Amino acid sequence: MNIKNNKLFVMIKQSDVLVLALAFIILCVIISILSPSFLTERNIMNTLRQISLTAICGFGMMLIILVGEIDLSVGSQQAVAGISSIVVLNTTGSIVLAVVAGLLCGIVVGAINGLLVTTFKINSLIATLGTLAIWRGASMVFTGAVSIQSQVPAFQTLATGFVGPIPNAVIVAGILYGVTFFVLNHTTFGRQIYAIGGNPNASKLAGLPVNKIKLIVFIIGSMATMLSGIMLASRMASAQPTAGTGFEMTVISAVILGGISLSGGVGSVNGALLGMLILGVLQNGLTLLDVSSFWQDITRGIVIILAVYIDIVRKGSVANKLVAEQKKKQQQKCTIERA
Amino acid sequence: MNKIPIIDIKGMNKIFPGVHALKDVDFNLYEGEVHALVGENGAGKSTLIKIISGAYDFTDGQYFVNGEDARIYKTEDAIQKGISVIYQELNNVTTLSIAENIFFGRLPAKHGRVLWKQLYENSQKYMDMVGLTMSPKMKVQYLSIAQQQLVEIAKAISLQAKVIVMDEPTSALSCKEIEGLFKVVARLKSENVAIMYVSHKLEEIFAISDRITVFRDGQNVDTMNTNEIDQQVLIEKMVGRKMSDMFPVRLPNIGEVVLEVEGLTTAKVNDITFNVRSGEIVGFSGLMGAGRTEMTMGLFGADRRITGSVRMCGVEVNKNSSYACNKAGMGYLVENRRDFGNMPNLSVKKNMTIVSLNQISKAFYLFPKKEKDLAAKMIEKLNIKTPSMDQLIPKLSGGNQQKVLLARWLIKQNIKLLIIDEPTRGIDVGAKAEIYSLIEELARQGLAILMVSSELPEILGMCDRVFVMKNGSIVGEFDCDEANEVTLLERAIN
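Chains as they are written, first to last, in my numbering: chain P, 743 to 1081; chain C, 85 to 578.
A couple of the hints might just be wrong.
Residues of chain C placed beyond 12 Å of chain P at every Cβ, according to the derived structure [what the hints assert, rightly or not]:
no.	residue
1	P192
2	M222
3	K321
4	P332
5	G373
6	E518
7	G560
Cut-off 20 Å, straight-line C-alpha distance, at most; resulting in silico cross-link-like pairs (DMTMM-like, lysine to aspartate or glutamate) [said to hold, decoys possible]:
no.	chain 1	residue 1	chain 2	residue 2
8	C	K134	C	D92
9	P	K946	C	E378
10	C	K158	C	D141
11	C	K87	C	D110
12	P	K863	C	D387
13	C	K285	C	D314
14	P	K946	C	E419
15	P	K946	C	D387
16	C	K267	C	E252
17	P	K946	C	D423
18	C	K267	C	D251
19	C	K454	C	D474
20	P	K954	C	D387
21	C	K165	C	E152
22	P	K1057	C	D474
Computed footprint of chain P on chain C; a stretch qualifies when at least three of its residues, placed anywhere within it, have a C-beta under 8 Å from a C-beta of chain P [unchecked claim]:
no.	segment
23	421-428
24	440-451
Keep in mind that the hints were calculated from the coordinates and are not lab data. Quick caveat, the model's predicted, so the values are computed rather than measured. Think of the CB as a built atom: it goes at the ideal place given N, C-alpha and C, for glycine as much as any other residue.
Could you build the full structure based on these sequences and the hints that come with them?
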């Protein structure tokens, strides 16, 4: 059987998610061959827990990118999340209040980003580059550049605890995945996000509340980031003013690797999830193989560039084929009409 | 004329997905002549120009320049062969000076340093030829449209153009500016340049051309010597069919006032006052740049409203909010589908339902079956040709895309007013008639319709009342029975 006519091959060629899934499986197979400790339960759970932090923030980031904007400030938002929750935790002693405080901060921080982009019409790249610096600086000023220790030991179990064999963080990420999937595929809000990302001008003239939706998306994104920041603070049992430095790059890379187009409107939750899994497993695999973290950075960079390039080539070949087919059809039609 | 034509096109065919834009077209152009090309919108004039200029390749046929196979595959090839096109939308870089525009991409330079003195001297020479009197250092953005056009002509001359194609050159010019342009054309002609002159305006064509070619539905109907025919003959050839074949019979069912606009003023239009009643089709006519689209943008909350009020069924509509306009029962079918209409990442179905999601959902949850049923109903009702409702919208032909966007507003339950900007732009003739009858049917069912159009037959064939705009203001109102093409055009120009 000719491989080009193979049904599976055609399906893979047309589906981004299948390509990513295939890449993920191949990656896992290679690493498990090279390192026997990869497929142990402990390592798997550990890797998943690491990925969860990216994922919790990443699903929010995905919505922001889908609506055609970007949020570079997530790294310093994590620091804000840690500080606000730990401060509230230490004053009230209540874990619930600590989490609520972090999430409320998310609403404020997200609303600021959102208003800068919608009301003041500042390009989101610039606006969030600004807030990235502002929140980092504010965190340093507020803490005097020293970390704040948690005085409630139970707080740590939030991130390090388990439900059965599964870490809490993984469960939170799983729930967020489910919610995002549902919102994007089955709700009016998700549909509007895709429409606005696909063509903001058309959306506006179709009478969609473009600014309102963008604002809400920024707020949701920041709340997700706060959640990941709280988890981080919980794992370290302290609030670090330097927490999350460079985190925005990890998150955005994963989302882009998952096929979410930076121009907005294109991409799926499953793609984003696979992007996160691939980057996470790659990092874990390289660590297991004793590759230095500097080389890991280089590898990660190459993988992202390569992935986007392959995507362009793949789409290009499909498009070329379509054009060729259409031309052929036209020519046939032309000769028929002339005859 | 026994000379070899400078441009000779034989048996040309061009097929776009879903549109046969040129059918077996023959066309030729001799040096030192002005050859006018006329035809309605969508007749294939622009397509031919784009093939001549190398912007499009053709499906089938032959294209000779000076008797040799043209081998023009891209616009640079055409420029090399001395063919310059001045498009309706001018291609100047407005932030650069006149001189830089004339010598764009070919600035005189030595060791990478621009020789400004030489540039300005050379530019001055070409500017004199076309009658531009200002300094060559002046930025193009400060020039009028007519002057910008002259800059492009100067550029064409500087490129040693043997053929200059002008696409609707006078559509945005005043009478005096048109005279100036004609002088330049006459001068070019005396220097043996071949000019292809594309225009709607018959008076101009008779004033300036040597030969006239009429296009209709992608075919060359006839090529005639200008001095052997009159306007009557020309119009008959252009129209070719009775208008009644194209437009549905209008059975007005006019009711209460739906839309009242009073003193609407934005940065681009001033003091617009009119109303539209239910079941009525109100047309807006005028030249390009008269502010019609800008008026609808201001009306629909997309452009900032400075003063004035818009009322829907007596209730004031919040200003500067398309969302509020949508809520109040307005719909807006845009002129530029690609940039302002389609959501290219979404399917036909999703493009249709995007403004009516509340009708197929409960507490945010979308009911997939309701959505499918609704889309299927619309595809059948509007006879939309698509392989499936999940096809992405950019893959459809222009006419079908337009129908999808029309369906978008038809699905909306509380729609009372539909604003349609250029309902048939970029749509082939068959689909045009369908869209006209749809619009008529909607009006008959009581929808108020505001239709902006540059095509006079369309305005006259469809509307009950017509407003003519010029320079951002309304300059005339006509009942359709008392208006004809001449009265509308006169009002739009003077």
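Now the hints, each set against the structure:
For P192 (chain C), the shortest C-beta to C-beta distance to chain P comes to about 38 Å, beyond the 12 Å cut-off, and the non-interface label holds. The Cβ of M222 (chain C) lies farther than 12 Å from every Cβ of chain P, with a closest approach of about 31 Å, so its non-interface assignment holds. The claim that K321 (chain C) is not at the interface with chain P holds, since no C-beta of that chain comes within 12 Å of its own (minimum 23 Å). For P332 (chain C), the shortest C-beta to C-beta distance to chain P comes to about 27 Å, beyond the 12 Å cut-off, and the non-interface label holds.
The Cβ of G373 (chain C) lies farther than 12 Å from every Cβ of chain P, with a closest approach of about 20 Å, so its non-interface assignment holds. Chain P leaves E518 (chain C) outside its interface by the beta-carbon criterion, the shortest separation being 21 Å against a cut-off of 12 Å. With a least beta-carbon separation of about 28 Å from chain P, G560 (chain C) lies farther than 12 Å from that chain, consistent with its non-interface assignment. This hinted pair checks out: K134 (chain C) and D92 (chain C) have alpha carbons roughly 15 Å apart, not beyond 20 Å.
Proximity of K946 (chain P) to E378 (chain C) is assessed by CA-CA distance (about 15 Å); at most 20 Å being required, the pair is judged to hold. For the proposed pair K158 (chain C) and D141 (chain C), the alpha carbon gap of about 8 Å is at most 20 Å, so the pair holds. Between the alpha carbons of K87 (chain C) and D110 (chain C) the distance comes to roughly 17 Å, so the proposed pair stays at or under 20 Å and holds. Under the criterion of a C-alpha separation no larger than 20 Å, the hint pairing K863 (chain P) with D387 (chain C) is consistent with the structure, at around 15 Å.
For a cut-off of 20 Å, the pair hint linking K285 (chain C) to D314 (chain C) stands: about 14 Å separates their Cα positions. Among the hinted pairs, K946 (chain P) with E419 (chain C) is consistent with the structure: their alpha-carbon atoms are about 14 Å apart, no more than 20 Å. Using a Cα cut-off of 20 Å, the hinted pair K946 (chain P) and D387 (chain C) holds, with the two alpha carbons roughly 11 Å apart. A hinted pair counts as satisfied when its Cα atoms are at most 20 Å apart, and K267 (chain C) with E252 (chain C) qualifies at roughly 16 Å.
For the hint pairing K946 (chain P) with D423 (chain C), the CA-to-CA distance comes to about 11 Å; that is within 20 Å, so the pair holds. With a C-alpha separation of about 17 Å, the suggested pair K267 (chain C) and D251 (chain C) falls inside the 20 Å cut-off, and the hint holds. A C-alpha spacing of about 15 Å is found between K454 (chain C) and D474 (chain C), which places the hinted pair at or below 20 Å, so the restraint holds. Proposed proximity of K954 (chain P) and D387 (chain C) is supported: the alpha carbons are some 18 Å apart, at most 20 Å.
A distance of roughly 11 Å separates the Cα atoms of K165 (chain C) and E152 (chain C); the hinted pair therefore holds under the 20 Å criterion. A C-alpha spacing of about 19 Å is found between K1057 (chain P) and D474 (chain C), which places the hinted pair at or below 20 Å, so the restraint holds. Chain P is given as covering the segment 421-428 of chain C, and this holds because 6 residues of the stretch bring a CB closer than 8 Å to a CB of that chain, at least three being needed. With a cut-off of 8 Å between beta carbons, the segment 440-451 of chain C has 6 residues touching chain P; three or more are needed, and the interface restraint holds.
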